[in-house]
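Enquirer: Now for the letters of each chain:
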Amino acid sequence: MDNPFQKQLGWKQKKESIYLWVFRLCTYTIIAAALFIFSDIFIKGVPTFFKSEAPYVNTEFFTESPQILSVWHDQNGQEYSMSQKNYEQWVVAHPEKEIVDLHNLTASGGGILGPLVGTALLVFICMVIALFIGVSAAIYLSEYCGKGKLMSTIRLSILNLAGVPSIVFALFGLGVFCWLAPVITDVPKDSAAFFCRWFWTNSYLSFQGWGTSLLAGSCTLAIMVLPVIITACEESLRAVPKGFREASFALGATQWQTIRKSVLPFAVPGILTASVLGITRVAGETAPIMLTATMTEKSNLPWEQVEGPWSFLTQSVQALPFHIYTLAKFPESEHVKPMQYGSIAAFLILVMSFALLSVILRNRLRNKLKW
Amino acid sequence: MNSQLIQLNDLGFSYDQGKTETIKGVSLDIPEKQVTAFIGPSGCGKSTLLRCLNRMNDLIDTAKITRGSIKILGQDIHASDVDAIELRKHVGMVFQKYNPFPKSIYENVAYGLRIQGIKNKDVLDEAVERSLKGSALWDEVKDRLKTSALGLSGGQQQRLCIARTIAVQPKVILMDEPCSALDPIATAKVEELITELREQYTIVIVTHSMQQASRVSDRTAFFYLGELIEYDKTNTIFQNPSQKHTEDYISGRFG
Ligand SMILES: Nc1ncnc2c1ncn2[C@@H]1O[C@H](COP(=O)(O)OP(=O)(O)O)[C@@H](O)[C@H]1O
Ligand SMILES: [Mg+2]
Numbered sequence: 001m002d003n004p005f006q007k008q009l010g011w012k013q014k015k016e017s018i019y020l021w022v023f024r025l026c027t028y029t030i031i032a033a034a035l036f037i038f039s040d041i042f043i044k045g046v047p048t049f050f051k052s053e054a055p056y057v058n059t060e061f062f063t064e065s066p067q068i069l070s071v072w073h074d075q076n077g078q079e080y081s082m083s084q085k086n087y088e089q090w091v092v093a094h095p096e097k098e099i100v101d102l103h104n105l106t107a108s109g110g111g112i113l114g115p116l117v118g119t120a121l122l123v124f125i126c127m128v129i130a131l132f133i134g135v136s137a138a139i140y141l142s143e144y145c146g147k148g149k150l151m152s153t154i155r156l157s158i159l160n161l162a163g164v165p166s167i168v169f170a171l172f173g174l175g176v177f178c179w180l181a182p183v184i185t186d187v188p189k190d191s192a193a194f195f196c197r198w199f200w201t202n203s204y205l206s207f208q209g210w211g212t213s214l215l216a217g218s219c220t221l222a223i224m225v226l227p228v229i230i231t232a233c234e235e236s237l238r239a240v241p242k243g244f245r246e247a248s249f250a251l252g253a254t255q256w257q258t259i260r261k262s263v264l265p266f267a268v269p270g271i272l273t274a275s276v277l278g279i280t281r282v283a284g285e286t287a288p289i290m291l292t293a294t295m296t297e298k299s300n301l302p303w304e305q306v307e308g309p310w311s312f313l314t315q316s317v318q319a320l321p322f323h324i325y326t327l328a329k330f331p332e333s334e335h336v337k338p339m340q341y342g343s344i345a346a347f348l349i350l351v352m353s354f355a356l357l358s359v360i361l362r363n364r365l366r367n368k369l370k371w
Numbered sequence: 372m373n374s375q376l377i378q379l380n381d382l383g384f385s386y387d388q389g390k391t392e393t394i395k396g397v398s399l400d401i402p403e404k405q406v407t408a409f410i411g412p413s414g415c416g417k418s419t420l421l422r423c424l425n426r427m428n429d430l431i432d433t434a435k436i437t438r439g440s441i442k443i444l445g446q447d448i449h450a451s452d453v454d455a456i457e458l459r460k461h462v463g464m465v466f467q468k469y470n471p472f473p474k475s476i477y478e479n480v481a482y483g484l485r486i487q488g489i490k491n492k493d494v495l496d497e498a499v500e501r502s503l504k505g506s507a508l509w510d511e512v513k514d515r516l517k518t519s520a521l522g523l524s525g526g527q528q529q530r531l532c533i534a535r536t537i538a539v540q541p542k543v544i545l546m547d548e549p550c551s552a553l554d555p556i557a558t559a560k561v562e563e564l565i566t567e568l569r570e571q572y573t574i575v576i577v578t579h580s581m582q583q584a585s586r587v588s589d590r591t592a593f594f595y596l597g598e599l600i601e602y603d604k605t606n607t608i609f610q611n612p613s614q615k616h617t618e619d620y621i622s623g624r625f626g
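Note that the protein sequences, when read in sequence, are chains G and H.
With the numbering used here applied, the first sequence corresponds to residues 1 to 371, in that order.
With the numbering used here applied, the second sequence corresponds to residues 372 to 626, in that order.
What the hints contain is simulated information worked out from the structure, not anything from laboratory work.
Heads up, the beta-carbon is just placed ideally off N, CA and C, and yes, glycines get one too.
Some hints could be false.
Some chain H residues near chain G, calculated using beta-carbon distances under 10 Å [stated by the list, open to error]:
1) T393
2) L430
3) L458
4) R459
5) F466
6) F472
7) I486
8) I489
9) G525
10) R535
11) T536
12) V539
13) K542
Using the sequences provided together with the hints, build the complete structure.
Expert: Structure follows, in structure tokens:
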């Protein structure tokens with residue numbers, strides 16, 4: 001008997017498998033790129049975290065800030081490379097050695113503690129600011145305001161803002177936060193745009209900016225992620241079923257009570273997802289912090305030599321992306337390479353753990369607040 | 372006091388700033404401690420009218436009362452010194468799709484009291500128990516008050532929504548097709564509950580089921596295209612309607 005479902009082997013079947021393979025290959029390209037990036041960085045970078053003798057962890061890398069790396073030979077042609085501080089001690093300890101062919105390499109010695117905490121602080125303060133403003137704005141947009149023409153204009157400008165290149169935000173931050181933002185001070189700077197007495201005290205309110213500082217950098221980054229945060233938060237607020245709001249109003253709740261008890265809690269998982277997006281974007285940005293917050297060389301850590309919270313916030317910091325940018329400009333050499341790849345690997349791990357934390361938190365909450 | 376708890380006088384309502392009227396001049400009086408049913412083909416404005424009674428339509432920007440007035444307990448509810456939030460504490464609402472909050476059973480019932488600032492645990496416990504008993508749910512849930520309300524069956528969830536509403540001790544309970552998402556057994560339980568609640572509360576119920584209206588209600592209003600066609604005792608409406616239109620609808624000839 002003939003098989004009515006006989007397999008056909010015509011052009012049509014070939015076309016089917018060609019389509020399949022085109023789609024499949026495109027997908028594999030992305031996977032290949034990701035694999036290459038991650039394996040290259042981790043294979044070359046992770047060894048920097050460890051060393052061959054006890055305690056096996058490269059403590060210098062995690063407990064010191066970037067320093068100048070000195071590379072030299074002695075008279076026997078033996079090569080040495082140490083951070084400048086250790087070099088000076090070494091010279092004192094070995095008066096018999098002759099120093100030949102000394103090079104100094106910027107930021108390639110020491111460790112990454114300064115940039116690591118700098119980036120963590122920038123991201124943290126930025127997210128606190130951005131989430132506060134972003135969630136408030138999203139609440140206004142989704143719960144309070146109507147659907148008028150003004151509102152669609154506002155929405156459109158938020159969307160447009162999301163597409164602005166980061167260097168533009170950087171310049172905005174430089175102009176506004178570094179040079180123009182108000183401070184209260186006893187001695188206003190000459191460069192202040194405007195200053196006046198601060199009420200009846202002896203201090204002045206001076207529009208002289210916060211300088212190159214942690215606060216200016218965080219604010220710049222916050223403004224930059226706000227569009228993403230607002231849009232994502234608004235969506236997660238809108239995703240909360242209308243029935244919850246109606247039920248709450250019908251029980252005599254005010255608008256704010258309804259938002260506080262029956263809308264916001266159920267939008268939190270979505271808001272956390274938005275912050276993951278925000279964090280990964282913010283942590284990697286180089287241009288804005290380069291102009292507003294960072295220094296390549298900085299000997300003290302953020303909590304050293306500060307008097308009070310204001311001086312903490314207005315100090316400059318180091319940051320990982322900028323540190324990596326500095327290192328990337330050097331030609332790859334065996335002396336710089338551990339620092340280069342080690343920094344990048346540490347940076348990736350930092351960003352990934354931030355993101356992971358929010359994902360875990362979100363999943364926890366989601367299980368608790370499912371409807 | 373007037374035994375007519377709710378008085379509508381030539382009420383007109385529009386969803387689009389008055390361009391088209393969804394409710395076209397409805398006048399009717401709803402007596403205290405009785406069940407009044409709104410029936411009519413879908414889209415005729417039953418839910419809309421119901422939501423006028425606790426000013427739920429205030430939440431829609433373009434919604435507008437175009438004419439007439441609503442008086443509850445003799446007070447015009449659109450007067451400038453009336454707060455819709457206070458009104459809703461006296462006029463509760465149960466929705467078509469049961470919508471408990473994704474919180475515990477206890478928290479669902481306590482919601483209305485908590486937002487009034489009541490924190491005393493004894494007061495809350497007492498109110499939760501009273502309300503759950505009042506909605507014939509107590510025996511089924513008393514051992515799992517702290518578990519999620521979403522673990523209950525559909526019928527239980529709807530009765531929980533009723534418990535949540537009576538916890539704030541309203542005068543009036545509005546119900547918008549409370550059984551349309553429930554199976555026949557759950558429906559029977561809710562109907563039984565409505566009959567009990569009638570002793571204490573004034574109930575206005577929208578229903579698309581003629582049998583339900585005839586089973587639970589004392590008075591029935593028949594609407595068509597935003598107009599009140601006929602309003603009378605339920606028996607009269609179902610056995611001896613004065614309008615041809617009503618008779619056609621009730622006998623299932625259209626709608
Ligand atoms: N939120 C709304 N905005 C605009 N029009 C609405 C809205 N809700 C209902 N309508 C319209 O009002 C009319 C009456 O609806 P509704 O009161 O829900 O009818 P029923 O409950 O009798 O089925 C329908 O034509 C419906 O399309
Ligand atoms: Mg309806």
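Enquirer: Next item in the hint list is H/F466. Is there a CB on chain G closer than 10 Å to its CB?
Expert: With a closest approach of 6 Å, the H/F466 hint holds.
Enquirer: Under 10 Å is the threshold here; is the Cβ of H/R535 close enough to any Cβ of chain G for the hint to stand?
Expert: 7 Å, holds
Enquirer: Does H/K542 pass the interface check with chain G, least Cβ-Cβ distance below 10 Å?
Expert: 13 Å, violated
Enquirer: Hold the hint about H/G525 up to the distance rule: shortest CB distance to chain G must be less than 10 Å.
Expert: 14 Å, violated
Enquirer: Taking the least C-beta to C-beta distance, is H/L458 closer than 10 Å to chain G?
Expert: With a closest approach of 8 Å, the H/L458 hint holds.
Enquirer: Closer than 10 Å between Cβ atoms is the bar; does H/T393 clear it against chain G? Give me holds or violated.
Expert: For H/T393, the interface hint is violated, since the closest Cβ of chain G sits about 18 Å away, which is over 10 Å.
Enquirer: Holds or violated: is the Cβ of H/R459 closer than 10 Å to a Cβ in chain G?
Expert: Constraint on H/R459 satisfied, holds at 4 Å.
Enquirer: Can the hint on H/L430 be confirmed by a CB-to-CB distance to chain G that is less than 10 Å?
Expert: Hint on H/L430: holds, closest Cβ of chain G at ~7 Å, below 10 Å.
Enquirer: Does H/F472 pass the interface hint, meaning its C-beta sits closer than 10 Å to a C-beta of chain G?
Expert: 6 Å, holds
Enquirer: Under the criterion of a CB-CB separation shorter than 10 Å, is H/T536 in contact with chain G as hinted?
Expert: Interface hint status for H/T536: holds (7 Å vs cutoff 10 Å).
Enquirer: Restraint: H/I486 near chain G, CB-CB cut 10 Å. Satisfied or not?
Expert: Status holds, d = 5 Å.
Enquirer: Should the interface hint for H/V539 be scored as holding, given a Cβ-Cβ cut-off of 10 Å against chain G?
Expert: 6 Å, holds
The structure is inconsistent with the numbered hints 1, 8, 9 and 13, although it conforms to all the rest.
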